[in-house]
Amino acid sequence: DAGITQSPRYKITETGRQVTLMCHQTWSHSYMFWYRQDLGHGLRLIYYSAAADITDKGEVPDGYVVSRSKTENFPLTLESATRSQTSVYFCASSESTGTAYGYTFGSGTRLTVV
Amino acid sequence: DQQVKQNSPSLSVQEGRISILNCDYTNSMFDYFLWYKKYPAEGPTFLISISSIKDKNEDGRFTVFLNKSAKHLSLHIVPSQPGDSAVYFCAAMSGGAQKLVFGQGTRLTINP
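Order-wise, the sequence lines are chains A and B.
4 is the number of the first residue of the first sequence in our numbering; add one for each residue after it.
1457 is the number of the first residue of the second sequence in our numbering; add one for each residue after it.
Source of the hints: derived by calculation from the structure; they are not laboratory data.
None of these values were measured; they are calculated from a predicted model.
From the three backbone atoms N, C-alpha and C, an ideal C-beta is built for every residue, glycine too.
Hints may be right or wrong, so weigh each one.
Under the rule of at most 27 Å between Cα atoms (straight-line distance), these lysine-lysine pairs were calculated in the DSS-like manner [said to hold, decoys possible]: (1) B/Lys-1493 x A/Lys-14; (2) B/Lys-1461 x B/Lys-1527; (3) B/Lys-1512 x B/Lys-1461; (4) B/Lys-1510 x B/Lys-1493; (5) A/Lys-60 x B/Lys-1461; (6) B/Lys-1527 x A/Lys-73; (7) B/Lys-1493 x B/Lys-1524; (8) A/Lys-60 x A/Lys-14; (9) B/Lys-1555 x A/Lys-60; (10) B/Lys-1461 x B/Lys-1493; (11) B/Lys-1524 x B/Lys-1512; (12) A/Lys-60 x B/Lys-1493; (13) B/Lys-1512 x B/Lys-1527; (14) B/Lys-1524 x B/Lys-1461; (15) B/Lys-1555 x B/Lys-1512.
Computed far set for chain A versus chain B, every beta-carbon distance over 12 Å [stated by the list, open to error]: (16) Gln-9; (17) Thr-18; (18) Glu-75.
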């Protein structure tokens, strides 16, 4: 199906473990983004990518790593998970000139670090 | 440094009445503003946007007003319906940056 999909939907991991959240879009959008949603903070940008092999930091990048070897995929890796990274993570994509409609978001991944 | 602020965490409105959600911003470089709506366990979905060259944009029951001198925008929903109950996020971007900056969100509850 066309769209943007995130996996897994729910994940529980232990402190110190590495975990990767997946994001896949079928539109060939140039831009992809990772946000985390926390109460009182709204949505905060972690990393974004303007095209394959081009990534840049957002507002809260510490503790996260991204890669984008293919246009359609933008995985987010927590190298050594901490409890402060317990959050809901949203992936989004947009066309390069998509300012009128902003982004299209995935359904989110709820990550709990214990 | 919160560049986009939604100072009301929650709002309760009676069905049929007008809902007004407010948003303030500090960065004068922002030139595009958007509202997103989010239901539980779903991603945010685009609702309405406005360019900084306009002061009003209307789409059905939804109208966004922009006051650039006050760095303030508002979303009006009229009449409010039960299906409007959701969290609403205000967002802003400067066109060249292609990065959306979001507010904290306002939870709107429409009471029957």
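When the hints from earlier in the document are held up against this structure, which numbers fail?
As far as the earlier hints go, 6, 16 are violated by this structure, in ascending order.
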